[in-house]
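Student: Please model the entire structure based on the sequences and the hints provided.
Chains as they are written, first to last, in the working numbering: chain A, 29 to 252; chain B, 9 to 348.
Hints were generated in silico from the structure; no laboratory data involved. Backbone N, C-alpha and C define an ideal beta-carbon position, used for all residues, glycine too. One or more hints might be untrue.
Covered stretches of chain B (in silico footprint by chain A; criterion: 3 or more residues with CB under 8 Å from a CB of chain A, positions within the stretch not fixed) [said to hold, decoys possible]:
| hint | segment |
| --- | --- |
| 1 | 26–35 |
| 2 | 143–149 |
| 3 | 177–190 |
| 4 | 237–247 |
| 5 | 254–265 |
| 6 | 297–307 |
| 7 | 311–318 |
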Amino acid sequence: VIDPIVYHVGDTGVLLEFGTAIDPAVFDAILALDAALAADPPPGVTETVPAYVTLLLVYDPLVTDAAAVAAEALRRVRTAGAAASSGRDHLVPICFDADLAPDLADAAARLGLNADAVIDAHLAAEYRVYMYGFAPGYAYMDGVPPALHLPRKAVPVRSRPVGTVMIAGGQCLITTLPMPTGWWVIGQTRVPVLRLDDPQPFLFQPGDRVRFARQSRASFDAGH
Amino acid sequence: MRTVLAIEAAGPLTTIQDEGRLGHLRHGVTRSGPIDRMAFSAVHAALGTPPGGAVVELSHGGIALRCLEGTAAFALAGGDFTAQLDGVRLGSWATGVLHVGSRLVVRDGPCSNWACLGFAGDLDCNRWLGSAATLALAGLGGGRLVAGDRLVIEAGAADMATRALPPPAVTTGPIRVVIGPQAHFFAPEALSALLADIFHAAPAFDRMGMVLDGPALVPLSVTMLSAPLLRGAIQVNGAGTPTVLLADHQTTAGYPRIATVISADLDRAAQLRPGTPLRFVAVTVAEAIAAARSAAAAQAGWLRQVAAGRLLVGPDSLADRLAGANLIDGVIDALGGGTR
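Tutor: Here you go:
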């Protein structure tokens, strides 16, 4: 059992931190606690939000208070245990043509690699969905090989279209909205992670596994 | 009754908002909803409409609209905008009725950034995940309103007097914050600067957040694993610029949050015009929760007054109308001058 550190988020949230580095076992513990809280929500807890090493409990301060929420969360940590790894597998086509991958050459230069080596390393890896965040449908995946780790840029830059595949540190994601980003754009896909008209609009769930497959420009341009 | 309104002009941040889109933070979908939640509640109390229903949220640039069909009772609340109905000036917190040909113009007042304009009846608009709240960056929900758009209100009611709403209590003083959750990403000097220095609301603001001008609060590191956050977070980028995150905030981010504005003070902070100076003061979580409860109780009492004015000026009873007029006169006196 991992004893999380409790941080307070104003008067509406308790943030439990289970570690400082991504660890599948830590994440399994977070998913187990998240499931336990969803199955039997404590009074006044309105939502929970899993992330890499944290779980946020959102509460209504008119109904409960921070001390009660934190105490109940810690009690559940001890009873929830850890869920076995689960999740579905996805294969996502990606096109690496230069105009779809404006940061690929710069990223390769900073990594001391050529662009093909970056592409090969990215395709060889398996990624795990750890959370949604930042904007609707942004599914954060871990699993970028260490040889491709780059820090985020200090300040976000120009907007990129939907389907942009980008990396920062060990994280990879596929954008669902055009917006500025501080991540490194290395390719693009046609796979919609967010399907607005679908009653279940979100393609991935936390815990799912994702691999990428190189796509030709002709296939990409055909909309596949 | 079906009512059709034509938008003749609208500021760039004019959107449809309801109480917000609940339960999808885990999918990266923020709540959205009105920036000034007390104003939003006042609109519904004044109209007698179900709390949480869709309204038009205004910001700088205001709105001008004309009634093309039907009639529509409306309520305007929030900040200090100026409103004119067919050339007659209304209070900035007021109700009235639009008839065919009526023109309502709301313009920026001397201060504030946000107001809500609601209509009796059902505002016909797009929904996503059960909510009409516009998530501006994604264009989801009821959407942004621009000149040329039409608003359709179904089952509208028009039994509404033109009246000023009782003014809400004005809260002043420093903006209260709870330190953290990522205060450990900052040197003690940055935390001292947050609580000792003067900041100013920067020209850059929208529904996602308001940027602050002031001392740079440079984090010790920006290599942080993305973690969930909530409305009110004071997030600091790698350059040390703080932003107070508002209704369309990101659900997670990898920039540290040095502190969180308490819920009782957040909406008044969001109303501060660019250039307005502000200070922060730290409180405990328990103090912040006590403030939230105290503010909710005070707001409930004031909303009863807002709703009582509507009942008192109903069309059926002259005695009620006189009683309502007296109530309103008192309010207008308290404001230091007539507004009609």
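Student: Determine which of the earlier numbered hints do not hold for this structure and return their numbers in increasing order.
Tutor: 7
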